[in-house]
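Student: One-letter residues, chain by chain:
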Amino acid sequence: MSDPAATAAADLRGEARALGLTDSEYDLICDKLGRTPNGLELAVFSLMWSEHCAYKHSKRLLGRLPTEGPHLLMGPGENAGAVDVGDGLAIAFKVESHNHPSAVEPFQGAATGVGGIMRDIFAVGARPIAVLDSLRFGELDSARSRYLLDGAVAGIGHYGNSIGVPTVGGEVYFEGPYEQNCLVNAMCLGIAPKERLIRSAAAGLGNHLVLMGARTGRDGIGGASVLASAELGDDDADKRPTVQIGDPFEEKKVMEACLELLDRELLASLQDLGAAGLSSSSSEMASKGEVGLDIDVSKVPLREEDMEPFEIMVSESQERMLAVVEPEQLAAVEKVCERWEVRCTVIGEVTDTRRMRIFDGDEQVGDMPVEALVDDCPLYDLEPEEPAEQIYPAPKRTLDELIATTGDDRASAADDPAAILLALLASSNLASRRPLFEQYDALVQSRTVRRPEAADAAVLQLVHDTGGSTAIAISIDGNGRRVACDPYWGTVEAVLECASNLACVGAEPLGLTNCLNFGNPEKPHVAWQLSRSVEGMADALNQLGVPVVGGNVSLYNQSGDGPIYPTPVVGMVGSIPDAKRTAGIGFAEEGHVVAMCGTPQPSLAGSALAKLRGEPLPTSLAPVDIAAVKRAQDAVRDAVRAGDLASAHDMAEGGVLVAIAESCLAGGIGATLDFFGGDDATYAELEPYLFGEAVGGFIVSGPRDAIDRLAERVPTDVFGSVGGDRLELPVGDRRLSVSLDELRMAHSALAGAFS
Amino acid sequence: MKFGVVRFPGSCDEVDAVLACEQQGEAEILWHGDRDLKGADVVVVPGGFSYGDYLRVGAIAQFSPVMDAVAEFARAGGPVLGICNGFQVLCEAGLLPGALLPNVELRFVCRQVDVEVANADTPFTRQCAEGDVLSIPVKHTTGRYYAPETTLAEIEERGQVVLRYAEDYNPNGSANGIAGVCNAERNVMGLMPHPEHAVDPLTGSADGACLFASLAAHAAEPAAA
Numbered sequence: 001m002s003d004p005a006a007t008a009a010a011d012l013r014g015e016a017r018a019l020g021l022t023d024s025e026y027d028l029i030c031d032k033l034g035r036t037p038n039g040l041e042l043a044v045f046s047l048m049w050s051e052h053c054a055y056k057h058s059k060r061l062l063g064r065l066p067t068e069g070p071h072l073l074m075g076p077g078e079n080a081g082a083v084d085v086g087d088g089l090a091i092a093f094k095v096e097s098h099n100h101p102s103a104v105e106p107f108q109g110a111a112t113g114v115g116g117i118m119r120d121i122f123a124v125g126a127r128p129i130a131v132l133d134s135l136r137f138g139e140l141d142s143a144r145s146r147y148l149l150d151g152a153v154a155g156i157g158h159y160g161n162s163i164g165v166p167t168v169g170g171e172v173y174f175e176g177p178y179e180q181n182c183l184v185n186a187m188c189l190g191i192a193p194k195e196r197l198i199r200s201a202a203a204g205l206g207n208h209l210v211l212m213g214a215r216t217g218r219d220g221i222g223g224a225s226v227l228a229s230a231e232l233g234d235d236d237a238d239k240r241p242t243v244q245i246g247d248p249f250e251e252k253k254v255m256e257a258c259l260e261l262l263d264r265e266l267l268a269s270l271q272d273l274g275a276a277g278l279s280s281s282s283s284e285m286a287s288k289g290e291v292g293l294d295i296d297v298s299k300v301p302l303r304e305e306d307m308e309p310f311e312i313m314v315s316e317s318q319e320r321m322l323a324v325v326e327p328e329q330l331a332a333v334e335k336v337c338e339r340w341e342v343r344c345t346v347i348g349e350v351t352d353t354r355r356m357r358i359f360d361g362d363e364q365v366g367d368m369p370v371e372a373l374v375d376d377c378p379l380y381d382l383e384p385e386e387p388a389e390q391i392y393p394a395p396k397r398t399l400d401e402l403i404a405t406t407g408d409d410r411a412s413a414a415d416d417p418a419a420i421l422l423a424l425l426a427s428s429n430l431a432s433r434r435p436l437f438e439q440y441d442a443l444v445q446s447r448t449v450r451r452p453e454a455a456d457a458a459v460l461q462l463v464h465d466t467g468g469s470t471a472i473a474i475s476i477d478g479n480g481r482r483v484a485c486d487p488y489w490g491t492v493e494a495v496l497e498c499a500s501n502l503a504c505v506g507a508e509p510l511g512l513t514n515c516l517n518f519g520n521p522e523k524p525h526v527a528w529q530l531s532r533s534v535e536g537m538a539d540a541l542n543q544l545g546v547p548v549v550g551g552n553v554s555l556y557n558q559s560g561d562g563p564i565y566p567t568p569v570v571g572m573v574g575s576i577p578d579a580k581r582t583a584g585i586g587f588a589e590e591g592h593v594v595a596m597c598g599t600p601q602p603s604l605a606g607s608a609l610a611k612l613r614g615e616p617l618p619t620s621l622a623p624v625d626i627a628a629v630k631r632a633q634d635a636v637r638d639a640v641r642a643g644d645l646a647s648a649h650d651m652a653e654g655g656v657l658v659a660i661a662e663s664c665l666a667g668g669i670g671a672t673l674d675f676f677g678g679d680d681a682t683y684a685e686l687e688p689y690l691f692g693e694a695v696g697g698f699i700v701s702g703p704r705d706a707i708d709r710l711a712e713r714v715p716t717d718v719f720g721s722v723g724g725d726r727l728e729l730p731v732g733d734r735r736l737s738v739s740l741d742e743l744r745m746a747h748s749a750l751a752g753a754f755s
Numbered sequence: 001m002k003f004g005v006v007r008f009p010g011s012c013d014e015v016d017a018v019l020a021c022e023q024q025g026e027a028e029i030l031w032h033g034d035r036d037l038k039g040a041d042v043v044v045v046p047g048g049f050s051y052g053d054y055l056r057v058g059a060i061a062q063f064s065p066v067m068d069a070v071a072e073f074a075r076a077g078g079p080v081l082g083i084c085n086g087f088q089v090l091c092e093a094g095l096l097p098g099a100l101l102p103n104v105e106l107r108f109v110c111r112q113v114d115v116e117v118a119n120a121d122t123p124f125t126r127q128c129a130e131g132d133v134l135s136i137p138v139k140h141t142t143g144r145y146y147a148p149e150t151t152l153a154e155i156e157e158r159g160q161v162v163l164r165y166a167e168d169y170n171p172n173g174s175a176n177g178i179a180g181v182c183n184a185e186r187n188v189m190g191l192m193p194h195p196e197h198a199v200d201p202l203t204g205s206a207d208g209a210c211l212f213a214s215l216a217a218h219a220a221e222p223a224a225a
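Keeping their order, the protein sequence lines are chains S and G. Numbering follows my numbering, with no gaps: position 101 of the first sequence is 101. Numbering follows my numbering, with no gaps: position 115 of the second sequence is 115.
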């Protein structure tokens, strides 16, 4: 047996820099080892100490987020967090980014993003029951954006559809700053009996370390450091070999095998292999269990011959899981894996050394203290500085073009409310997402009560899990342009909108997962965006009483053109007592009254209409009365749960008229409104009310007495009634009148994006 | 009566199929590696991606032990229902005429569609009436029904077209709008829409339940079918 110290080169400082480590980090590694690292050790350290694995620029900031709540079962630090949904059941969930791989190769990048987040979910013992996605691309007039959109949507569908997990919701925005650096965030939820949730801590001296699933190849080598922790540049095509290739059939078998092994209590612990492959999964298991691990890389089944030990340790080949198994259970584990035709190989054992010792057969090729790998990466304070002016350019004016394409022949259309409404509905950020979500199986597993676009949040019934009436709701939100206008209030809005979406289907939020997509945190203005955004998230969550259960940070999202819009994406899970009492957004019945519940303060600053007009982004948004928004959410939720409301829809992008038009379209019925009856106001005076944006407003419909009951709790303004096949209202001295067909035609503008 | 629902390693909708069957009778999973049909009166080959389907969809499944037993069961007159991937598998196995090709749009499509009952005189539709319109979802990439002209004419002539997409609802470019066909003996049927996802009004529609109810009725008195 040789000594890794003997194979250590005199100095690998140059290599360390190429792998993304600073000189002082390299010196610290030498200090922790008591010698210089050899090549394998350096490769492992460079990954474990990358931003992606160590969160070295964000960890201190994340400590500000609330992580305690009455329904919390498992918080940050595990593969996924989990909340208690009653009846002895847990829902595990998490959102994660796969941005840089998707920018390089959208189909495989997005597909393996879905595969990775699913492994996180079944790694805690939960069966994946739903996927949601949050996507950001450049404007659709760019061929590159259309290529990325097409590939990413197909990739998400390919993986989720093939594995039998429904994709039940999501969101997508098109904005210039994502042109070079798209965002692909995927969220997965899983269900498990509470007692089956399993943690990833390795335990039990002498227990086997078992690698399950796909063979290990050269795909994804260095992905964590090279792709996830550096800015994208012109040579991205050269990085294509580092993007992993997904195999959903293999994952399906691995998933079924793992869930059966957990059902039969054959595993001591379980962890998925994600970024940094075997290196991070094994050292994190050892760290949590306060043990050591001996790994023999010569035992790892390979896809290619002659792989170097370091390549085996850092490969990001997909569809692999690592388990700790007691020796007496090994035969039973092998039998289950054989039935599912899943490879399963003992590659090491649990020791008491607190060291990661890597062997290649008899030869020891690496020896590193677990603590140094997992806990000793230096953490950096951000150096935030508010920029003197808005750093993002004004978007291109597209309003006239949109008015032309929606076929409007009205005179002076640019200040005609009907023409503007149709232009907004046809704009890329507001048009129907049907051409995207029809590429996803939303139905498998028989839980989907509310499909995409039918309601503000996806609703999944649990009757086949519990025999009872309960359901859960899920929403995912994050408007980067609003956060670019004001990182603090923009993030508050994202959290509140997510909770409002849940309220509209009658759900009470139980927990939140987040993915913080930002630019380079070493730049002061990005550090400022990140800090203010996390502060806003913390303040909103504290007032709502919702904890963070886990999440992901994706930094260095920028290109030569600058950083992306700061994009905190939040996913919330809520509970519903009765799956039969959840409102959709669609107006339902002739004669129902239409009302606005809540007291939003709409403003055109930073609105969708301001974007279409090419107006520069403001540098602040109006503050929000979070407590008032919460009161409105509580009232709407209770009214939905009581079965009082025929529809509930939160007012968001595009403002109140867009929300009402969406309710008309979803219900296939018109509405006549009278809320701007006064004929002495000019259109310019009324425009902020029609198209301005704010959180905290809800468009509800139902029988008159039900709306009156709602009005007793929170300010509720009745302003119209459901019926007919047109949306009609007076606007000052004019009358806005558009048919459902016109609305539908405008709203289906994205159909062309996939032809 | 008892339904047997096949499970390949890549099946996705087998649990949904079991839930739909259990509304009408007993249901049990049939493992792909076993030949034992466990005394099932009706066999359902469910949706999914049988063995990954990286090769032509359904091409490998016909060689599995369970499909050997299902083919034998079908030749003896036992009722077999193939849904989506199951339809593809039954065509590949030669138990049904024609083939499924990639959708005209070349994309996966998940959509609620209307289908019309074209023949109510089969074990699968005996509780429906000809002309009934059922709202059932489709979700597939490879669902465009194809058969040579002479075969198409033959199956139309013999009443083997069981379900047809209603006007404007053909989601994939299927020939003659065919959504479901049966064999000449009418004991094997395949369809692209997913009736097992249409058995509960809360999840969108209960129109698909009539297929499972028909099979249960058929199993109770096979001679009447």
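By construction, these hints were calculated from the structure, which means they are not laboratory data. Bear in mind the structure is a predicted one, so any value in this text is a computation, not a measurement. Don't take each hint at face value.
Stated by the list, open to error - Mimicking EDC-like on lysine to aspartate or glutamate, the simulated pairs with C-alpha atoms at most 20 Å apart in a straight line are:
id	chain 1	residue 1	chain 2	residue 2
1	S	59	S	535
2	S	580	G	207
3	S	59	S	522
4	S	56	S	535
5	S	56	S	84
6	S	299	S	326
7	S	580	G	200
8	S	335	G	200
9	S	299	S	334
Stated by the list, open to error - Calculated from the model, a selection of chain G residues having no Cβ within reach of chain S, i.e. all distances over 10 Å:
id	residue
10	1
11	47
12	71
13	127
14	139
15	183
16	202
17	219
Backbone N, C-alpha and C fix where the C-beta goes; we use that ideal spot for every residue, glycine too.
Student: Please list, smallest to largest, the hint numbers that this structure does not respect.
Tutor: 5, 8, 11, 14 and 16
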